[in-house]
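Peer 1: Below, each chain spelled out in residue letters.
There are 2 protein chains.
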Amino acid sequence: MNPSAIRRVSVLGTGVIGTSIALALRRAGVHVGLYDLDTRVVAEAELMGAGIALHPDDPPADVVVIATPPSTVVGVLRDAQDCGLGAVYTDVASTKARIFAEAEVAGCDFTTYIPGHPMAGRELSGPGAAHANLFTGRPWALCPHPVTPPGAVHMVAELVEMCGGEAKVIAPDAHDRVVAAVSHAPHLVSAALAARFAAADETMLSLVGKGLQDVTRIATGAPELWCDILQQNAGPVAAVLDAVVRDLTEAAYALRNSGRAGGGALADLLTRGNHGREHIVDRVHAKGRAHRPEGDELAELARARV
Amino acid sequence: MNPSAIRRVSVLGTGVIGTSIALALRRAGVHVGLYDLDTRVVAEAELMGAGIALHPDDPPADVVVIATPPSTVVGVLRDAQDCGLGAVYTDVASTKARIFAEAEVAGCDFTTYIPGHPMAGRELSGPGAAHANLFTGRPWALCPHPVTPPGAVHMVAELVEMCGGEAKVIAPDAHDRVVAAVSHAPHLVSAALAARFAAADETMLSLVGKGLQDVTRIATGAPELWCDILQQNAGPVAAVLDAVVRDLTEAAYALRNSGRAGGGALADLLTRGNHGREHIVDRVHAKGRAHRPEGDELAELARARV
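So the sequence lines, in the order shown, correspond to chains A and B.
With this note's numbering as the guide, the letters of the first sequence map in order to residues -16 to 289.
With this note's numbering as the guide, the letters of the second sequence map in order to residues -16 to 289.
Calculated directly from the structure, the hints in this document are not laboratory data.
Errors might be hidden in some of the hints.
[To be verified] Here chain A is said to cover these stretches of chain B; the calculated rule only asks that three of the stretch's residues, wherever they fall, bring their Cβ under 8 Å from a Cβ of chain A: (1) 163 to 173; (2) 210 to 216; (3) 247 to 261.
[Stated by the list, open to error] Using C-beta positions, here's what the derived DEER-type ranges look like: (4) 268/A with 205/B: 17 to 27 Å; (5) 134/A with 222/B: 56 to 66 Å; (6) 116/A with 267/B: 18 to 28 Å; (7) 120/B with 89/A: 51 to 61 Å.
No experiment lies behind these values; they were computed from the predicted model shown.
The beta-carbon is built from N, C-alpha and C at its ideal position, and this holds for glycine as well.
Make the full structure from the sequences, and use the hints.
Peer 2: See below:
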């Protein structure tokens, strides 16, 4: 399969992620059709050069990308498959297990649907915040169903590569547990730190430095969208929050009792933090050596998953 | 007072902060004498061009910078003042109230000692991680005692400016409360997030992205040094951790009970996070408009503090 297998893509939902995908595909020479319930954001995406509004007479796309909020994905997917909008379908929602299960219940066709999730986002929303480089070098999870033919998985992996992303095949449950730890729980923890400054006075802000800027960078994003995301992944996110709360409660106790055994608990948390950070940094540095999954590997992984 | 009032500075403690100050001052043409209990790190700082090793026959410095761990500052200060090492003294410890109180008890001379704290740090430690630009555009707290003459405060403010920092006069107690919120508690929270990856496997690391990198960036630094810092500011740090724990406990409860009133608590936390982040970003953007405190302002603030 060569890159030219993807000539026409339809993007349903032209928010920041959908429009960024559209821009990246346009740059790769793909014809992109755009659709959104809000025709104004389609017009905005068109003006940015992300493609042209989808027309009822357009031929089926090679890939249909569903870039709508998590709770709407299954409904949009079923409608799109019913209309025969494309050969292969994927989505970009940041939770996968619930969508996977709901799509099974709704009778969606998993031979043409490969759930996906690009691990990239912007603090801003809407097509105006979109960028063709948003996915460059970023992981992009694919959670194919056991019944999905390798060729269909390959088609979506090709789209990921066209967008500059790195396809990672992973089971939906594992995806959700991992994303709870790398993205969803950190979002809430970052918000809990930033919330300390919701009513900050001049003195409180006088010593703001780079550290606080970094740890609160992800404390943005529309609360409604984030509530939707978090509630779709409630169990795994709550489990990570429990672990963070346990560590911080012990740290606060240790600080108030530092004359006794407090130092040990503090040092233990800081040391585990050091180790975790090393793993995260090592991973990022290793990315230069990462390779795109080969066809056999993808097919094998897709079959191996239960 | 003009910049040339500072011609000779002694830096006691040539770790990352002390050596960075030395490098910035050398760039400004100041003669810098270096001292550390560990003569190897002095030699390393010398090789980097940070100055030359302090000699017993050297004349007194215009400013002596004490860049040793927080719990050692008062002892080093008293010895330095007893020896008449300089005209004016400051330190760089990230806690101030306890050092302030201990220095009063130890009979240190506050007419020549202006407690200080540059709001900058690196993930790495030791002179090898030092950089002359470390303080550029960063706030640098000064906590002068009511008895300190404005001229002495001005001398240290001049040193801050030579290093590229922005002097902020603040009372020691307020400093510690603010730093607990902007730096110390975020350090522990960042560590608690990073700690989730201390034993991470390949799957857990496969989807690591920029968000996690940012929120865990400050989860580094030597645990021993950080235990010292955190225990010096135990009360204010524990209070911030309590507030974060309260928010995250409510969020976990809301996630597990999203059918009921859960959504409200989640949205409330995310909204407060949005507002806090806006204040932090606004503050950073406003920095271009910040001004260096004028002489009268500094003197007035120093007198106004109780």
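Peer 1: Give a verdict on every hint.
Peer 2: Verification of the supplied hints:
1. 163 to 173: holds (count 9)
2. 210 to 216: Our answer is that it holds, as 3 residues pass the Cβ test (under 8 Å) against chain A, meeting three.
3. 247 to 261: holds (count 11)
4. 268/A with 205/B: 17 to 27 Å: Between residue 268/A and residue 205/B, where Cβ atoms are some 21 Å apart, the hint holds.
5. 134/A with 222/B: 56 to 66 Å: Holds, since residue 134/A and residue 222/B (Cβ atoms, about 58 Å apart) stay within the stated range.
6. 116/A with 267/B: 18 to 28 Å: 24 Å, holds
7. 120/B with 89/A: 51 to 61 Å: Holds - the Cβ-Cβ distance for residue 120/B and residue 89/A, about 54 Å, lies within 51 to 61 Å.
Hint compliance for this structure: no hint is broken.
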